[in-house]
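Participant: Here the protein sequences come in this chain order: L and A.
Just so it is clear: in the first sequence, position 188 is 188 by the numbering used here, and no numbers are missing.
Just so it is clear: in the second sequence, position 82 is 82 by the numbering used here, and no numbers are missing.
No wet-lab data here; the hints were simulated from the structure.
We put the CB at the ideal spot given by N, CA and C, even for glycine.
Please note that a few of the clues may not be correct.
Unchecked claim - With a straight-line cut-off of 25 Å between C-alpha atoms, the simulated SDA-like cross-links for lysine to any residue are:
#, chain 1, residue 1, chain 2, residue 2
1, L, Lys-12, A, Pro-68
2, A, Lys-62, L, Ser-59
3, A, Lys-6, L, Leu-23
4, A, Lys-30, A, Lys-102
5, L, Lys-92, A, Leu-34
6, L, Lys-80, A, Arg-101
7, L, Lys-92, A, Glu-103
8, L, Lys-12, A, Leu-39
9, L, Lys-80, A, Ser-33
10, L, Lys-190, L, Ala-131
11, L, Lys-96, A, Arg-50
12, A, Lys-55, A, Glu-95
13, A, Lys-6, A, Gly-67
14, A, Lys-102, A, Asn-76
15, A, Lys-29, A, Leu-49
16, L, Lys-96, A, Arg-101
17, L, Lys-75, A, Ala-40
18, L, Lys-96, A, Glu-82
19, A, Lys-71, A, Leu-31
20, A, Lys-55, L, Lys-75
21, L, Lys-75, A, Cys-94
22, A, Lys-62, L, Leu-60
23, A, Lys-29, A, Trp-87
24, A, Lys-102, A, Glu-82
25, A, Lys-30, A, Glu-10
26, A, Lys-29, L, Glu-86
27, A, Lys-29, A, Arg-101
As the list claims (entries may be wrong) - Pairwise CB distance ranges, derived in the manner of DEER restraints:
#, chain 1, residue 1, chain 2, residue 2, range
28, A, Ile-59, L, Gln-13, 42 to 48 Å
29, A, Glu-95, L, Ser-139, 53 to 59 Å
30, L, Leu-187, A, Lys-62, 40 to 46 Å
31, A, Arg-80, L, Arg-8, 34 to 40 Å
32, L, Gly-127, A, Asn-107, 41 to 47 Å
33, A, Ser-84, L, Leu-175, 38 to 44 Å
34, L, Glu-93, A, Leu-34, 57 to 63 Å
To be verified - Covered, in the sense of this in silico footprint (three residues per stretch, anywhere, with C-beta under 8 Å from a C-beta of chain L), are these stretches of chain A:
#, stretch
35, 24 to 30
36, 43 to 52
37, 68 to 79
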Amino acid sequence: MNFSDEIREKIKQFAREQSRYYLEEAEMTYMEKLQQKIGKTKSRFIDKLSKLKSRSNMSLDIQNDLILYMSDYMKDLMEKGLSEQEAFERAKEELKYSSESTRTSDLQDRFAEYYKNYDPVDYEVIGLFIAGFMFLGLSIGALSGFIASGGREMFLSGGWIDTLIGGVAGTIIGLGLGQIAHAVVVLLKKRR
Amino acid sequence: MSEMLKGILEGMVLEIISHGEIYGYEIAKKLRSLGFEELAEATVYALLLRLERNKLVDIRKKPSEMGPPRKFYTLNERGREELSSFWARWDFLCECIETIRKEGIENNEF
């Protein structure tokens, strides 16, 4: 069973449009890996970039795949009595990437992966790091401000403002250090 | 039904592929002939891409009458491991559900 030239062209057009969505899904893991590795050595980066070239080959691969899959499906539908145009519309609807089923299934995979790696201890450690650094920063900052302003005698006559500034600055530095600790924990977890 | 299917579709497709070299649309047809009529074509197609991405299948391209080469899937070592792990999970699940069912019948709870 052969399709008309018009329908053949429409199938190719549909495959071209949809292949990028399917490609995005297929390449997701690779792109995530690339983002992680982006700070590493130039040679490794170039190596990864060369893999990116294969992306266009993969896109063509998916286009060809979709053309064949769609054609097979359309032939089946036409054997059941649908016209060429009706079969095309039906196949287009069924194979459109944005279908809920595809997205849900992908989302389910991601949730499964998240919960597989989820460990409450990691979050407790991160929280304690942030709180610890914050209190440490607050104490050191406030104490430095207090001493630098002239100590107890000067505190009530305007020195309190230095203590306050020191406290705020110390808290911000502490939060910053907490975030760095958070990043370290995440990196260590990734390497595990 | 479709919610239940989502968790097991990959195992079903791996099992179908394990029976011998097969191409994408044939898998969808096989599933339909088994009664899974409502399965969206995009779900099967996206699943095949995931199997390929996760390196659970080997692919051989053969010329097709439509022009572009057709991909034929076979299970590789990793795919076979995943399939046996799927069946182990399935057996465990079935056993647990069956136990609950039997206990219910024995106690006339249902």
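Participant: It remains to establish, for every hint, whether it holds in the given structure.
Facilitator: Hints, one by one, checked against the model:
1. L:Lys-12 <-> A:Pro-68: holds (11 Å)
2. A:Lys-62 <-> L:Ser-59: Satisfied, since the Cα-Cα distance of roughly 18 Å is no more than 25 Å.
3. A:Lys-6 <-> L:Leu-23: Between Lys-6 (chain A) and Leu-23 (chain L) the Cα gap is close to 21 Å, so the pair holds against 25 Å.
4. A:Lys-30 <-> A:Lys-102: Distance ~33 Å between Lys-30 (chain A) and Lys-102 (chain A) Cα, so the pair is violated.
5. L:Lys-92 <-> A:Leu-34: Roughly 24 Å separates the two Cα atoms, so the pair holds.
6. L:Lys-80 <-> A:Arg-101: With Cα atoms ~41 Å apart, Lys-80 (chain L) and Arg-101 (chain A) exceed 25 Å; violated.
7. L:Lys-92 <-> A:Glu-103: violated (48 Å)
8. L:Lys-12 <-> A:Leu-39: Status holds; Cα separation ~24 Å.
9. L:Lys-80 <-> A:Ser-33: holds (15 Å)
10. L:Lys-190 <-> L:Ala-131: holds (23 Å)
11. L:Lys-96 <-> A:Arg-50: holds (16 Å)
12. A:Lys-55 <-> A:Glu-95: violated (30 Å)
13. A:Lys-6 <-> A:Gly-67: Judged against 25 Å, a Cα distance of about 33 Å means the pair is violated.
14. A:Lys-102 <-> A:Asn-76: Judged against 25 Å, a Cα distance of about 38 Å means the pair is violated.
15. A:Lys-29 <-> A:Leu-49: holds (17 Å)
16. L:Lys-96 <-> A:Arg-101: violated (40 Å)
17. L:Lys-75 <-> A:Ala-40: The hint holds at about 17 Å.
18. L:Lys-96 <-> A:Glu-82: violated (28 Å)
19. A:Lys-71 <-> A:Leu-31: OK: Lys-71 (chain A) and Leu-31 (chain A) at ~18 Å, within 25 Å.
20. A:Lys-55 <-> L:Lys-75: Roughly 30 Å between the alpha carbons, so the hint for Lys-55 (chain A) and Lys-75 (chain L) is violated.
21. L:Lys-75 <-> A:Cys-94: Roughly 38 Å separates the two Cα atoms, so the pair is violated.
22. A:Lys-62 <-> L:Leu-60: At roughly 16 Å apart (the allowed maximum being 25 Å), Leu-60 (chain L) and Lys-62 (chain A) satisfy the hint.
23. A:Lys-29 <-> A:Trp-87: Since the Cα atoms of Lys-29 (chain A) and Trp-87 (chain A) sit roughly 22 Å apart, the hinted pair holds (cutoff 25 Å).
24. A:Lys-102 <-> A:Glu-82: violated (30 Å)
25. A:Lys-30 <-> A:Glu-10: holds (14 Å)
26. A:Lys-29 <-> L:Glu-86: With Cα atoms ~19 Å apart, Lys-29 (chain A) and Glu-86 (chain L) stay inside 25 Å; holds.
27. A:Lys-29 <-> A:Arg-101: violated (33 Å)
28. A:Ile-59 <-> L:Gln-13: 42 to 48 Å: violated (25 Å)
29. A:Glu-95 <-> L:Ser-139: 53 to 59 Å: Holds, at about 58 Å.
30. L:Leu-187 <-> A:Lys-62: 40 to 46 Å: holds (45 Å)
31. A:Arg-80 <-> L:Arg-8: 34 to 40 Å: holds (38 Å)
32. L:Gly-127 <-> A:Asn-107: 41 to 47 Å: holds (46 Å)
33. A:Ser-84 <-> L:Leu-175: 38 to 44 Å: violated (49 Å)
34. L:Glu-93 <-> A:Leu-34: 57 to 63 Å: violated (23 Å)
35. 24 to 30: holds (count 4)
36. 43 to 52: Contact hint for the stretch 43 to 52 of chain A vs chain L: holds, 7 residues under 8 Å.
37. 68 to 79: As far as the stretch 68 to 79 of chain A goes, the hint holds, because 4 residues have Cβ atoms under 8 Å from chain L.
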